[in-house]
Amino acid sequence: MSRDHQRNNAPQEQSRRDILRGAAALGGLALAPGVTLHLIGGEAAARPADEAVSDTHRWGMLIDAGKCGDGCQECVTACADENGWDPDGKLPTDAQWIRKIDLRDPKSGAERTLPMMCQHCASPPCVDVCPTGASFKRADGIVLVDKHTCIGCRYCVMACPYNARSFVHEPLTDQKAHAPRGKGTVESCTMCVHRVDAGKQPACVERCNDAAGGAMLFGDLNDPTSEISKRIATYATARVRADLGLDTGVYYRNI
Amino acid sequence: MAPSSVFAIILAALVLSASMAPQHWSARAAEPSTGVPVPKPPKGRGNECVAETDYIRRYHMQLLDHQRDDTVHEGIRTKQFSLKQCIDCHAVQGPDNKPVAYDDPSHFCRSCHDYAAVAIDCFECHDSKPQKSAAAREAFRGSMLALEGYLKARGP
Chain A
1 MSRDHQRNNA PQEQSRRDIL RGAAALGGLA LAPGVTLHLI GGEAAARPAD EAVSDTHRWG
61 MLIDAGKCGD GCQECVTACA DENGWDPDGK LPTDAQWIRK IDLRDPKSGA ERTLPMMCQH
121 CASPPCVDVC PTGASFKRAD GIVLVDKHTC IGCRYCVMAC PYNARSFVHE PLTDQKAHAP
181 RGKGTVESCT MCVHRVDAGK QPACVERCND AAGGAMLFGD LNDPTSEISK RIATYATARV
241 RADLGLDTGV YYRNI
Chain B
1001 MAPSSVFAII LAALVLSASM APQHWSARAA EPSTGVPVPK PPKGRGNECV AETDYIRRYH
1061 MQLLDHQRDD TVHEGIRTKQ FSLKQCIDCH AVQGPDNKPV AYDDPSHFCR SCHDYAAVAI
1121 DCFECHDSKP QKSAAAREAF RGSMLALEGY LKARGP
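If you're matching them up, the sequences are chains A and B in order.
The first sequence begins at 1 in my numbering and counts up by one.
The second sequence begins at 1001 in my numbering and counts up by one.
Please keep in mind that the hints were generated in silico from the structure rather than gathered at the bench.
Please note that the accuracy of each hint is not assured.
Unchecked claim - 30 Å max Cα-Cα, derived DSSO-like pairs, lysine-lysine: (1) 1079(B) x 176(A); (2) 1084(B) x 200(A); (3) 183(A) x 1152(B); (4) 183(A) x 1079(B); (5) 1152(B) x 176(A); (6) 183(A) x 1098(B); (7) 176(A) x 1129(B); (8) 67(A) x 230(A); (9) 1098(B) x 176(A); (10) 1129(B) x 90(A); (11) 183(A) x 67(A); (12) 200(A) x 1079(B); (13) 1098(B) x 1129(B); (14) 176(A) x 1084(B); (15) 1152(B) x 200(A).
Using the sequences and the accompanying hints, generate a full structural model.
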């Protein structure tokens, strides 16, 4: 199935490259003025509470590794504060929704650090393998676990190429009302779905812009006029393991 | 064992359990009309529930199930039948004046569920206490009213 998908996706990918190449040709002009950083916010207009999500939007993120501070953990602590998990896990098996990873090019010695979490794939392998349908993709592209139907088999944990999912091993108390979590279920980044539904940005993005380098941008990938779409159209971006053809919703720059 | 002795044991168990029933059951049990101990759930905030009380008593699980699927999959976050809203209105204050959690027998849900011996799994993941204390909610409401008053006084 994934191979089919890759085949179907190939022309799209090609056309995106063409667009990028075109943009690079124009780039001499377009890059010079740059794109202002703080034009974010207001992109995610709150949907009425009684209206179902639709595929009009596809939420995504653009992360600039060039602005991501070495040793900075603000996005990780913001996520932990917002969703009620412990960022300094005592065990390697403790839940981890977002983590910082360090990259080093062995040849040049160039180093980069970036946050890694659920990439909110358009064709998520975790959804393909889930035996109960608990792992699902919302119409607006956010990949979630319906913990009411999750049986804790952890097949999705195995299937995810980004190591983004974790399993809750211990009983929990005092969870956040907006982020229910419990023993025996798998969980991962929800792109702060409760905040997105309220017209806000994910906690990590907000904290990165308020307290750190402003490396993260959240927005609607389906809207060509959104800040994120404009930047993706202007700058060279990369997606992690793009070779898998999963069409992830998280884009990176400068990696 | 002879049938009569079995009957005697059951009768003794019934008498014993009735005498050991928690305080909030015995209040209703003392009513002359029933004569049977029935649960008497603590009163929630406000004058009425989000739907007819009898309907809610019978169908609250179906309503919650339906709402949860709508919320998780469709992102529909209406308040009327949300679990969060149940918890907010039906918080029971403990001796320390803070809302009690589900592990306390006086928790609103337990007042009936213990009686009916129906286990609830909701609170293995969901919070069983309101996130904002009633005091904080009142303070917020007060400040909003003050703001409204100020804006009205200020005129357009």
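Hints versus structure:
Using a Cα cut-off of 30 Å, the hinted pair residue 1079(B) and residue 176(A) holds, with the two alpha carbons roughly 17 Å apart. In summary, the hint linking residue 1084(B) to residue 200(A) is supported, as the alpha carbons are separated by about 20 Å, within the 30 Å threshold. Distance hint between residue 183(A) and residue 1152(B) is unfulfilled; the C-alpha atoms sit about 51 Å from each other, more than 30 Å. At roughly 26 Å between alpha-carbon atoms, residue 183(A) and residue 1079(B) fall within 30 Å of each other, so this suggested pair holds.
Between residue 1152(B) and residue 176(A), the direct Cα distance comes to roughly 36 Å. Violation of the 30 Å bound is thereby established for this hinted pair. Annotation: proposed proximity of residue 183(A) to residue 1098(B) holds, straight-line Cα distance about 26 Å (limit 30 Å). Between residue 176(A) and residue 1129(B) the CA atoms are separated by roughly 10 Å; this keeps the pair inside 30 Å, and the hint holds. Between residue 67(A) and residue 230(A), the direct Cα distance comes to roughly 18 Å. Compliance with the 30 Å bound is thereby established for this hinted pair.
Pair hint residue 1098(B) plus residue 176(A) holds up; C-alpha atoms about 17 Å apart against a cutoff of 30 Å. For the given pair, residue 1129(B) sits about 27 Å from residue 90(A) by alpha-carbon distance, which is consistent with the 30 Å threshold. Taking the CA atoms of residue 183(A) and residue 67(A), the gap is about 36 Å. The hint is violated against a cut of 30 Å. With a CA separation close to 19 Å, the supplied pair residue 200(A) and residue 1079(B) stays within the 30 Å bound.
Taking the CA atoms of residue 1098(B) and residue 1129(B), the gap is about 9 Å. The hint holds against a cut of 30 Å. Distance check on the hinted pair: residue 176(A) and residue 1084(B) sit about 11 Å apart at the alpha-carbon level, within 30 Å; holds. Restraint check for residue 1152(B) and residue 200(A): the C-alpha separation of about 29 Å stays at or below 30 Å, so the hint holds.
Violated hints, in rising order: 3, 5, 11; the structure is consistent with all others.
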